Each structure stands twice: as C-alpha cells, then as structure tokens.
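Asker: Heads up: the sequence lines are chains A and B, in that order.
Numbering-wise (my numbering), the first sequence opens with residue 1 and increments by one.
Numbering-wise (my numbering), the second sequence opens with residue 1 and increments by one.
Where hints are given, some of them may not hold.
Think about it this way: if two alpha-carbon atoms lie no more than 27 Å apart in a straight line, the pair counts; the simulated BS3-like pairs of lysine-lysine are [what the hints assert, rightly or not]:
hint, chain 1, residue 1, chain 2, residue 2
1, B, 17, B, 74
2, B, 3, A, 11
3, A, 43, B, 3
4, A, 287, A, 177
5, B, 121, B, 74
6, A, 204, A, 287
7, B, 3, B, 17
8, A, 11, B, 74
9, A, 11, B, 17
10, B, 6, B, 17
11, A, 287, A, 267
12, B, 6, B, 74
13, B, 123, B, 74
14, B, 6, B, 123
15, B, 123, A, 43
16, B, 6, A, 11
These are calculated hints, taken from the structure and not from any lab test.
Note that the coordinates shown come from a computational prediction; the quantities given were computed from them, not determined experimentally.
As a plain string of letters, each chain reads:
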Amino acid sequence: MFDTGMIYEAKSVPEAVQMRLAHPDAVILAGGTDVLIQIRSGKLAGRELISIHGIDALRGVRQEEDGTIVIGSLTTFAHISSSPIIQEHLRVLGEAVSLVGGPQIRAAGTIGGNTCNGVTSADSASTLLAHDAVCELTGPQGARQVPIEQFYLGPGRTDVRPGEIQTAIRIPAASWKGCQGHYIKYGMRGAMEIATIGCSVNVKLTEDRMHLDGVRIAFGVAGPVPMRAHRTEEVMRGAALTAETVRRIGSGVLEEVHPRDSWRAPKDMRLHLCRQMAEDAFVEAVKRSGGEIRE
Amino acid sequence: MSKQYKLVTCTINGEEKTCMVDVRASLTDMLRGEYGLTSVKTGCEVGECGACAVIIDGECVNSCIYLAIWAEGKHITTIEGLNRPDGSLSDLQQAFVDETAIQCGFCTAGFLMEAECFLEKGKIYTDDELRRLLAGHLCRCTGYDNILRAVRKVMYQRNGLPQPEEAETLIAKHAPEWRK
Ligand SMILES: Cc1cc2nc3c(=O)[nH]c(=O)nc-3n(C[C@H](O)[C@H](O)[C@H](O)COP(=O)(O)OP(=O)(O)OC[C@H]3O[C@@H](n4cnc5c(N)ncnc54)[C@H](O)[C@@H]3O)c2cc1C
Ligand code: FES
Ligand code: FES
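One chain only, chain A, in its complex shape (with noise of 0.2 Å):
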C-alpha cells in the first residue's frame, strides 16, 4: 500500500488540468517510477496524487506534415525505442532511453516523467536538449511551447505552471532532417545505473562531407540541470574534420561544463569524461553521418 492522500484520475488532458487548478498542490503521477519510488521513501509521503495514467491520447509518436516529430508525454521509453519514426530520423533518441535502468523500467517510465522530473541525470535530457527539443505544456488558457533549454528551472524545477500539465515533445524538422548523433552514458554498471555523465552529440556535415555544417553538444550531470555546450558549438562551426577538431572540442567542453563532487565520482572524472565522451560521441556522430576524421 502507498502512503497517498486522496488520488484523483485524469482520462483526458481538460480532466487532467481541471484537477490541477482545483488541487494544486497534489502531485502529478505519470508512469510513477520516480512518483511512486518517493512515496516509498517517505519524500513524497502523504501527499495527494493527480495520475493522468489513463490519457491514451498522450501515449505514441507521430509526425506532422511539415515533419515536426512529437512525442506524446506518456510514451514509454520502450515504445519511443520501437517507434518506426524515431528509428528512421532520431536513431540516437532511441539508443539513448534504451539505456535507462532495465526493460521492466523502460516499459513503465515516460518521457514527459523523464523531463518534467527535472533531473540531469535524465537518459533522454541530453539528445533533446541537443536537438532544440520544444515541451508542449497545456493549461487552462491552451497548449504553450517552451524550448527544453528554457523548460528546465533548475536541480528539480521545470517550468510547469499551475494548472498545466506536460501534453508532448516537439521534435521540429529542423532540428533532426539531416543530423547524425550519438549518446554516451557512462555509469558504474552496464544496466539499472544513473549516469555519472551522459554526453549526446549530433553533426550536420557539408554536402561534401568535409566540413562541418553544425555541430549540437549536451551533457546530463556536467551541471545542475542538462546543458548544452554552445560556445564550442559556435567555434566548431565550419571547422574541417580533422584531429585537431575534435581535440578542440573536447578542450572546448571543458570550459563550459561544470560538473560537482558526488558521492558517485569526483569533480575530476566527471571533467574527464566531459571531454573524453563529447570527443568520442563526436566521432561517432561523424562516421554515422558518412564523414572520416583525418589527421
């Protein structure tokens, strides 16, 4: 048995944000993996729960005309895994949450969960952050869009306003047609691990392969909330691809992340792998992209 207070079921977005202004302090329940492990715990004890379990219409990944990708908030990290679309146009989204914990969590826990939870840590934080993602956030007056960079307060904070809930990720043609990327997670273990660093590139090369159109860098846990690498990405622009370019930005990263000391690994190795990750992903995103590095 759960220690909740009352729980109330949403089985449609205007139920769900109707129980949100009428209890504003009861706790949004997704796929509950984070929800229901804190009630466990005792830090979220008592407190009453708004589950928009039972809103299908949130569940699923679609396309839109122009190409937009858009993920519904309650597709499982499974399914976004199995999705034909993600699998055609965002390999590296799939790749990156089929590495979250094992398959009984990754059949349960959302992608909406995964964002709005605030976490840097988060397995599908980085690549969306490294894709211009875009949250859709629906509330009493319509659907608003937030770029996910300006969607994340900070350590735990996310800008769900009273009344909203999270209705999608918006994956805007833009930002994948044309992209290669990669996801590198490094944890202790090969599976049931967060992330001592995640680190997800994606390249657009020239039509001749040779140069680079643009390049996108986000880290998860470089920082209190997932981050993207910006300045480096300015200077890459353009750039050759040759050692010398990924030296460059793995020294680049270096100057923008700033990871801390945890009980999980030091400052140190986090700025280790900070660049070693954003020079190996990098590499990788290239060759997917049909490009070779050169000396």
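Starting from the known structure of chain A, arrange chain B with the ligands on it as the hints suggest.
Answerer: Just chain B with the ligands now, kept in the frame of chain A:
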C-alpha cells in the same frame, strides 16, 4: 484521509476478474491480497529487483510500482498463468529446474515472466543481449549463469535450432594441452 475505494476489472491469467481495491494499493498488493497470486514477490518494492514482475498487455512491468487501479481493462499474466492445464511445468520452468537456475526461488517468477515476454518475440539474442534483457532482476543465490543458460536453451529450442556449443566444451576442445 477518508478511505477511497474503486472497482477494478481486469483479465488475470485469462480470466476476467473484478474486485474492490483501496486506490492506494499497488498491483502487487492486489494480485497477492485479493487473488492469492503469491508468485508475485514483495522484494525491494522500489523497482530495483524485479521479484514482483508480471506481464501487462504483453510488457513485463514491476507490479510494486504500478497502481492497482491502473490495471482496469488490462490483461495480466503471472507465473500461475504459465502452468499447463494439467498443472505440469512449461518448457521454460523445466529448463530452470534442469539447469539449477533456482536456489531459494525468490527471484525465479520475475525472471520467468521477463524471459517469457522477450522469448515470445521469437528472436535469437546473443549472451550480451540476454544479460541486458535480464538486467532488471536481482538474484542473490545463483550467480546468474545458470539462469542465462536456461533461458538460452529454451530460446534455441523454441526456434527449432540446435543448441550452440557451450563455452566449456569449446574450451575443452580447443584449449592448449596445459589448460586441460
Ligand atoms: C530502478 C530504477 C531505475 C531507473 N533508471 C533510470 C535511468 O537509468 N535513467 C533515467 O533517466 N531515469 C531512470 N530512472 C528514473 C525514472 O524511471 C525516469 O525518470 C522516468 O522517466 C520517470 O518517468 P515516469 O513516467 O515514471 O514519471 P513519474 O514518476 O510519474 O513522474 C516524474 C516527475 O515528473 C512529473 N511529471 C510526469 N509526467 C508529467 C507531465 N506529463 N506533465 C507534468 N509533470 C509530469 C511528476 O509530477 C514527477 O515530478 C529509474 C527509476 C527506477 C525506479
Ligand atoms: S519488489 Fe518490485 S522491483 Fe523489487
Ligand atoms: S534463487 Fe534465490 S534470489 Fe535467485
């Protein structure tokens, strides 16, 4: 808090059932308490060990972190549903016995549900893939190797393929003299 109850109807091991549950109940609570399905174990209760795993609409899920009220309209399978009509063991259960993949048995039902779930897809997985597929389950007794062996054996059997040579036999065959 005033008590809150709800009628939940779902299909459990092929039979439609209805009961009144406390909305705060986990699916583990409902399966064990209302239906006596005690193969569903109460281990960590925080999603780490897999002892409570059941199949819901074709997917293996930890029932300890799943609300009983979410089961409405769902198809749920527990180990009790794997037994053949005459009560004999399934091929997978028998393989666990034959390969000594069970010691205390606390983790066994969870492993069986997980393996049933992915073996159903009829694919052949490498050992590394099998390890990843079984990674959501803890076993404190067997050291996992026998579990892996049992699952692999049934995977080949069900796909009508001969068993691959075990690593040991390969080593015995090809190892240099001094290692034998
Ligand atoms: C054993 C175990 C292993 C795990 N391993 C990993 C891992 O490797 N990597 C990883 O990233 N995570 C991991 N997690 C954490 C968890 O599974 C993920 O964060 C998951 O994405 C949470 O999704 P959920 O649907 O279960 O969220 P819930 O627990 O239902 O909710 C999470 C938070 O988001 C809010 N929320 C959820 N949906 C919405 C919405 N639509 N709108 C507004 N707010 C919302 C909730 O109020 C809550 O604050 C693990 C958890 C467990 C138990
Ligand atoms: S008891 Fe459910 S995962 Fe451990
Ligand atoms: S047999 Fe004892 S925990 Fe696995």
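Asker: State for each hint whether it applies.
Answerer: Here is how each hint holds up against the structure:
Only pairs whose Cα atoms come within 27 Å are accepted, and residue 17 (chain B) paired with residue 74 (chain B) is accepted, the gap being roughly 11 Å. Under the criterion of a C-alpha separation no larger than 27 Å, the hint pairing residue 3 (chain B) with residue 11 (chain A) is consistent with the structure, at around 22 Å. With a C-alpha separation of about 22 Å, the suggested pair residue 43 (chain A) and residue 3 (chain B) falls inside the 27 Å cut-off, and the hint holds. Taken as a hint, the residue 287 (chain A) and residue 177 (chain A) pair is honoured in the structure, with Cα atoms around 16 Å apart against an allowance of 27 Å.
Under the criterion of a C-alpha separation no larger than 27 Å, the hint pairing residue 121 (chain B) with residue 74 (chain B) is consistent with the structure, at around 20 Å. Pair hint residue 204 (chain A) plus residue 287 (chain A) holds up; C-alpha atoms about 11 Å apart against a cutoff of 27 Å. The hinted pair formed by residue 3 (chain B) and residue 17 (chain B) meets the criterion: a straight-line CA distance of about 22 Å does not exceed 27 Å. Among the hinted pairs, residue 11 (chain A) with residue 74 (chain B) is consistent with the structure: their alpha-carbon atoms are about 16 Å apart, no more than 27 Å.
Distance check on the hinted pair: residue 11 (chain A) and residue 17 (chain B) sit about 22 Å apart at the alpha-carbon level, within 27 Å; holds. Distance check on the hinted pair: residue 6 (chain B) and residue 17 (chain B) sit about 14 Å apart at the alpha-carbon level, within 27 Å; holds. Taken as a hint, the residue 287 (chain A) and residue 267 (chain A) pair is broken in the structure, with Cα atoms around 30 Å apart against an allowance of 27 Å. For a cut-off of 27 Å, the pair hint linking residue 6 (chain B) to residue 74 (chain B) stands: about 15 Å separates their Cα positions.
Under the criterion of a C-alpha separation no larger than 27 Å, the hint pairing residue 123 (chain B) with residue 74 (chain B) is consistent with the structure, at around 26 Å. Restraint check: the Cα-Cα separation between residue 6 (chain B) and residue 123 (chain B) comes to about 40 Å, which exceeds 27 Å; the hinted pair is violated. Simply put, residue 123 (chain B) and residue 43 (chain A) have alpha-carbon atoms about 42 Å apart, too far for the 27 Å limit, and the pair is violated. For the hint pairing residue 6 (chain B) with residue 11 (chain A), the CA-to-CA distance comes to about 15 Å; that is within 27 Å, so the pair holds.
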